Amino acid sequence: MEMNQYLEVFIEESKDHLQNCNTQMLELEKNPADLSIVNEIFRSAHTLKGMSATMGYEDLASLTHHMENILDDIRNGKLSVTTAVMDALFSAVDDLEEMIASIASGGDGKKDVSRSLKMLEEILTGEPAAAAQASHSSVQYDEFERTVILQSLEQGYNAFEMTVSLREDCLLKAARVFMVFEVLEKIGEVIKSSPTVDQLEEENFDQQFCVTIASKEDSDFLEKSVMKVSEVDTVKVNEVNLEQEPSPAAEEAAVTLEAVKEVPEETKERETQKNTVSNKTIRVNIDRLDVLMNLFEELVIDRGRLEQISKELNHGELNETVERMSRISGDLQSIILTMRMVPVETVFNRFPRMIRQLARDLNKQINLEISGQDTELDRTVIDEIGDPLVHLLRNAIDHGVESPELRREKGKPEEGTIQLRAYHSGNHVFIEIEDDGAGISKDKVLNKALSRGIVTQEQAKAMTDTQIFELIMASGFSTAETISDISGRGVGLDVVKTTIESLGGSITIHSEEGQGSVFSVQLPLTLSIISVMLVEVEAEKFAIPLSSIIETAIVKNDEILHAHNQRVIDFRGKVVPLVFLNEVFDVEKGNDEEVHSVIIVRKGEKMAGLVVDSFIGQQEVVLKSLGDYLGDVFAISGATILGDGQVALIVDCNALIQ
Amino acid sequence: MTNQENDLKVIVFQLVNKEYAVPVHNVQSIEKVMHITRVPGVPAYVRGVINLRGVVTPIIDLRKRFSLEEAEESEHTRIIIITVNGLEVGLVVDAANDVLDLSTDSIEPQPNVVGSIENDFISGVAKIDRRLLILLQLDKVLENAA
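Just so you know, the protein sequences line up as chains C and V, in that order. Residue 1 is where the first sequence starts when you use the UniProt record's numbering, and the numbers rise one by one after that. Residue 1 is where the second sequence starts when you use the UniProt record's numbering, and the numbers rise one by one after that.
Since the hints were made in silico from the structure, they are not lab data. This structure is a prediction, so every number in the text was calculated from the model and none was measured. Cβ coordinates follow ideal geometry from the N, Cα and C atoms, glycine included. A few of these clues could be false.
Here are the simulated distance ranges between beta carbons [unchecked claim]: (1) V/His35 to C/Ile550: 30 to 38 Å; (2) C/Ser329 to V/Lys140: 42 to 50 Å; (3) C/Glu12 to V/Ala95: 43 to 51 Å; (4) V/Ala95 to C/Asp632: 29 to 37 Å; (5) V/Arg38 to C/Asp558: 25 to 33 Å; (6) V/Ala95 to C/Glu538: 24 to 32 Å; (7) C/Asp558 to V/His35: 34 to 42 Å; (8) C/Lys606 to V/Glu75: 44 to 52 Å; (9) C/Arg324 to V/Glu75: 33 to 41 Å.
To be clear about the criterion: a stretch of chain C counts as covered by chain V if any three or more of its residues have a C-beta under 8 Å from a C-beta of chain V, and this derived list gives those stretches [claimed, not checked]: (10) 288-302; (11) 575-588; (12) 626-633.
As a list, the in silico DSS-like pairs of lysine-lysine whose alpha-carbon atoms are at most 25 Å apart [said to hold, decoys possible]: (13) V/Lys18 to V/Lys32; (14) V/Lys32 to C/Lys624; (15) C/Lys224 to C/Lys236; (16) C/Lys228 to C/Lys173; (17) C/Lys461 to C/Lys442; (18) V/Lys64 to V/Lys140; (19) C/Lys574 to C/Lys606; (20) V/Lys64 to C/Lys589; (21) C/Lys541 to V/Lys32.
Construct the complete structure from the given sequences, taking the supplied hints into account.
If you want it as structure tokens, here you go:
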């Protein structure tokens, strides 16, 4: 019961740690030799184990414990990073994620994890040879440890093998071992110990153990330092002799993964950088931020009212105070808005895993390059954008990037590259997904669209490239010859398009056949405060988002033409259909007027003229939903509260343009 | 939370000439009539939305919902804000009269003779002294809006 208040923190932090594990593991797969990564994963897993044990989630704790064992073996060089190892780790993390998800949704966090456990255990027991060998006192090093040793030698460190014997009557051997390690870690870096740290901690050794250490001090100093630990009998220090054959395990490592990359210094730099960058932050419940935002929105509404009153009263001091208040609340607004901004990283994070899996399922080689992940978007947008991006990425892998054989034939590198970019531009954030795959075949698209009856022959002739590419986002369209699990059901892209449009964004496609395609998603910075044009239709006020307005115009009655039962106007040489808002929204109409106020709005390439009675003006408003009870109302995307406290409805121009 | 489990606290309001009751735990607040913004394309009994302290809240005209005759708003007209299953909705009523404790014993099932449309929305009737209170089934009142 008292746990409840910690549960939320626990779930949040666990998610963070799992995410960290995921990213680091992907990193490890690329740099199997980078010990700092293993350490990073180990830290996360270890914290997770501790937390879940404290919270009483035994399954979680035991699975993480097994993970730790593997990681520890990797760390100690008893195990090399092979695909099998990574698979086991990934599967374990998947299980952990599911368990956390179950806890988050009120479950008990129990799950049958035997499969992952078995995988992990097989790996632990599957390479007993290496472990057994290593436990002998003549220390053997695998490829990785040799690299580390060689590197430390290059950097002016000395590498020593220390054989430490404890006194016969030593009672707390583990404690002494711990003290020895503590001393050693102060003067250098422990590279390897045999038996392993785990075994040492469990006192699984006689009186002697061996430690390999890189240090700048000389052997005498090392010996003396360790001898200071009580109950240490003897200490023997030898320089490391690397003139041995690499162990069989090491050879295997070299075979299973591409040549072990060296641990470059920059990784260490990167690590220190990471540490210094970490700012002081606190965790705030999102609900509280929403409440804050709501309160502030009320303040904005009252501010509007105050401004109006002070203008009417025209009282000097009052005016001054109100002005000051407006300025301060303006600053407050920008702070609150930025507080709600979340880097797109939170969405992008899960993609590398997904791509890895997909690429393996489809037997394609794919390199995902992510840039601009620190670009920030409003939380509401972030929540919605994940699924569309998943669709687009899947699409790029399935339809875009060709199979390695095909790529080789075409003279491309076997590994396809998918770039995921995010960047700011003006009041928008762009997210682009670019692949260097096959591109979109215009002819294929057109033929398909014709056969499906989406376009007519005449229409097809007049279409621009962009329009043709847009066809693939029409519903009921799919160019994949075979229907796979990943995509090709023709439901993906049109859903993507509608989701993005409902967020007030747009999507455009550029493609070069044989060269690849770019899907570019444009999103508004924030959804909660938008600029609108307020208009009047009889006595009712409506707000039209400025983002979809091209311009306003005054149209006389005799300028309205009729075409196919549709009233249209000639607007700068283009035929634009008119939409009478009073008809769409069933507003009771007064007398007919001679001139009409028209707002020209657009949706992609298409335009429409919204006929209203009068323009009130432009205003920043707070976007509110109509609530669950009313659900989706045709052509209304939400509501806002005006300065006089009344509600005005926001027109969804996209729904009005056909 | 009453000490006696048998008690139900209700808000009593008036519609035409009958008195209705809704459990007090469903009631958020009682508001005077304010400007209601019409929403096009919704059922006729949805009067529109109001600005309830910064939250856009839909308003149901109970007279229209129960197919009763329409009436002019008076100074007694109130909007009762209720929450049912997380939905927040306002009900326009003729007047908000009272807060009462009903013992569950006094609640009887709705007699089948009434035969009006509102029949569907009623979960029971309660008799207190000489007053007859009609207990509303709020989730039915809110059903199929959109």
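Structure-based check of all given hints:
1. V/His35 to C/Ile550: 30 to 38 Å: holds (32 Å)
2. C/Ser329 to V/Lys140: 42 to 50 Å: Cβ of C/Ser329 to Cβ of V/Lys140: about 44 Å, so the range 42 to 50 Å holds.
3. C/Glu12 to V/Ala95: 43 to 51 Å: holds (49 Å)
4. V/Ala95 to C/Asp632: 29 to 37 Å: Given range 29 to 37 Å: holds, Cβ gap about 34 Å.
5. V/Arg38 to C/Asp558: 25 to 33 Å: holds (32 Å)
6. V/Ala95 to C/Glu538: 24 to 32 Å: holds (31 Å)
7. C/Asp558 to V/His35: 34 to 42 Å: Given range 34 to 42 Å: holds, Cβ gap about 38 Å.
8. C/Lys606 to V/Glu75: 44 to 52 Å: holds (50 Å)
9. C/Arg324 to V/Glu75: 33 to 41 Å: holds (40 Å)
10. 288-302: Three-residue rule met by the region 288-302 of chain C, so holds; n is 5.
11. 575-588: With 4 residues close enough to chain V, the hint holds.
12. 626-633: The restraint on the region 626-633 of chain C holds, since 8 of its residues have a Cβ under 8 Å from chain V and three suffice.
13. V/Lys18 to V/Lys32: Holds, at about 20 Å.
14. V/Lys32 to C/Lys624: Distance of about 22 Å is within 25 Å: holds.
15. C/Lys224 to C/Lys236: Holds, because 10 Å separates the two Cα atoms, which is no more than 25 Å.
16. C/Lys228 to C/Lys173: Status holds; Cα separation ~15 Å.
17. C/Lys461 to C/Lys442: holds (12 Å)
18. V/Lys64 to V/Lys140: holds (15 Å)
19. C/Lys574 to C/Lys606: Answer holds: C/Lys574 to C/Lys606 is near 10 Å, not above 25 Å.
20. V/Lys64 to C/Lys589: holds (23 Å)
21. C/Lys541 to V/Lys32: holds (22 Å)
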